[in-house]
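K.L.:
If you want the building blocks of each chain, they are given just below.
2 protein chains.
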Amino acid sequence: MATETPLLVETQYYNIPENIQLDSGKEFGPITVAYETYGSLNSRKSNAILILHALSGDAHCAGYHSPEDNKPGWWDMMVGPGKPIDSNKYFIISSNVLGGCKGTTGPSSINPETGNPYGLSFPIITINDMVKVQKKLLEHLEIPQLLTVVGGSMGGMQALQWMVSYPDSVYSCIPIAATSRLSAQSIAFNEVSRQAIISDPNYNNGDYYDGPYPEKGLAVARMIGHITYLSDESMHQKFGRRLQFQEELSYNFLTEFQVESYLHHQGQSFVRRFDANSLLYLSKAMDYFDLAAGANSLEKTFSRSNGHYLVVSFTSDWLFPTYQSWEITSALQKLRFPVTFTEIDSQYGHDAFLLEKEQLGALLANFLESTHQQFEEELS
Amino acid sequence: MATETPLLVETQYYNIPENIQLDSGKEFGPITVAYETYGSLNSRKSNAILILHALSGDAHCAGYHSPEDNKPGWWDMMVGPGKPIDSNKYFIISSNVLGGCKGTTGPSSINPETGNPYGLSFPIITINDMVKVQKKLLEHLEIPQLLTVVGGSMGGMQALQWMVSYPDSVYSCIPIAATSRLSAQSIAFNEVSRQAIISDPNYNNGDYYDGPYPEKGLAVARMIGHITYLSDESMHQKFGRRLQFQEELSYNFLTEFQVESYLHHQGQSFVRRFDANSLLYLSKAMDYFDLAAGANSLEKTFSRSNGHYLVVSFTSDWLFPTYQSWEITSALQKLRFPVTFTEIDSQYGHDAFLLEKEQLGALLANFLESTHQQFEEELS
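Residue numbers (the working numbering), protein chains in the order written: chain A, 7 to 386; chain B, 7 to 386.
Looking at chain A on its own, in the form it has when it is part of the complex:
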């Protein structure tokens, strides 16, 4: 449903004029970045906020693309005029990640050297590579220092990476439902999802753009993912053991529990809107994410950074549980960095960052206001 005065936005595209040096060692280009902006940059350039999306997100995080559009951006509850991340106060930038399939160059993009989609010839990318691309976009937008980088899940990983890779270009950081490194359990879930896709004969070694789509494998992968985004409690509340159509058990293999029907729907709708190869590349980038790896300690890694942190986790998130946010907070505290850690009581599991409007909204609005004030003071 549209708000009373819908925010109308347009996705823009920036072609990075030079190649990017990837973490793998490869040079890669050309890269196009899809992005949107909301609000206006102030004269001191002190109010820029970069929003970083999770696995299945895109550049369109707020508002509508036309007056007839009935589906707002993925974080519209948080971003827009009068919202917690207020486009009346801040200049907000949101871009699709490298390797994605929503306008930024990824495996489904055309390789100009061959005239065909990259498929598996697309290079393996990392969270840090995504951040390098975002940095190029900000240089293009002539923003020397961001007020904040903020994101949930994979977006939170990018936010943390920003602090370490470009400490002078960002004043504060809000990782939500995030982690400083992917756990063995999360790598395991990602690998099973990839196997589900690769096992689909239509996957055809990633070269399926001209043929049938590996929709069954991708649907199974998304169903696995979706279970990890919810919680035992929220699934119990939402579905319990309720049946979908009938009152009695049917004694056949048709979908009968509501939770099964919900998962099927999630799987099917994902197939229509997401590229299977992108899921492979983005999940691999997450697997590779380990902020402490180079330095052998998270504290040492963060010592390169500076700035203010708001770390947020959710009680029922078992994919990136609170202890992982606490590891981040603890390392920052040892360095005596200004850090606020909040665990929000929520039954929604990992997806809570997309759902906990009131609690998360108040937290973000307050942190942004005080951080903006401090940033302004330091600039003067």
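These are computed hints drawn from the structure, not numbers from a lab.
One should not assume that every hint holds.
Since the list gives no way to pick out one identical chain from another, each pair is judged satisfied if it fits inside one copy or across any two copies.
Derived pair list, reagent style DSSO-like, types lysine-lysine, alpha-carbon separation capped at 30 Å [as the list claims (entries may be wrong)]: (1) Lys95 / Lys32; (2) Lys244 / Lys32; (3) Lys306 / Lys244; (4) Lys77 / Lys340; (5) Lys244 / Lys340; (6) Lys244 / Lys138; (7) Lys340 / Lys32; (8) Lys51 / Lys363; (9) Lys51 / Lys244.
Given chain A's structure and the hints, the job is docking chain B onto it.
P.N.:
Chain B alone, transformed into the frame defined by chain A:
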């Protein structure tokens, strides 16, 4: 590795002479039951214990099939001479479940009416149907009342069902890492596993016994299952983010983390030893399990039963978490039934019932000893 005096056992087969009335309303037969026994029945028939296996188990729970056999039964750590479930003291029976693929009639068995494997023409079965078959076996063995029914996971569900279906035929019950009803989250994991199998083109609507095997789908299903059997903590301890072969990230999609390699191995070895249709039928039987369903309350359901209970859960089991064992215990306590509830501190997750030798062993041995004594007293 064989113990010093290996227990040599042989799988036996019983052909139930009559059809079974299934919960679905169908009459089904003929049914063959694969079973093993260890130890001897005493003259008062007071020392019989029925062991109930989990999803991938079989009748062979203890000992070896030959002196050259180097793989003991699945619960050999718990069952055998001098073990916690001591075959020097007790007469122990273990059978393969209806719908399985290890000797008891299931979807891979030959339908005598067609001369071909049942496949999807096998009827949908329930946990209660499995128990009906076990009851026939015990009648054949002329055991009027069991000292104990004991099992972990799906085995624990059968144990609970025994108490409700045949209260006069069993004196005590040990459900381990079990639940009185499958949660929405568990149904969700089961459904995704089934979808992985059904999506494999080799599955061929369940009719694959003459053609290529749906091994990719079954491997993905098993990998999903395996993640749920472990815990975040045990995966971290066992694998962490360690790489399998090299020191550095390889920047390709080959298996590189140890946890990936482990899952692949689990998937592959399962494919060699388990029937895909059996996984579908057994997981569906678990989905249907809801002891309270008919009576609308667990307390009411258990009021039909009597006997002594030892309920065991494990701290890190997130598939059938402690709160589910507590729901069972709480209902029994309200009925003032003798019930002992123990939550064992373990990092092994759901699989702890197969691994926590010392703590679980002592608990079982003590409970069996005192319960046996009480049973003997009541008999005299």
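K.L.:
Need the list of violated hint numbers for this structure, in ascending order.
P.N.:
1, 2, 4, 6, 7 and 9
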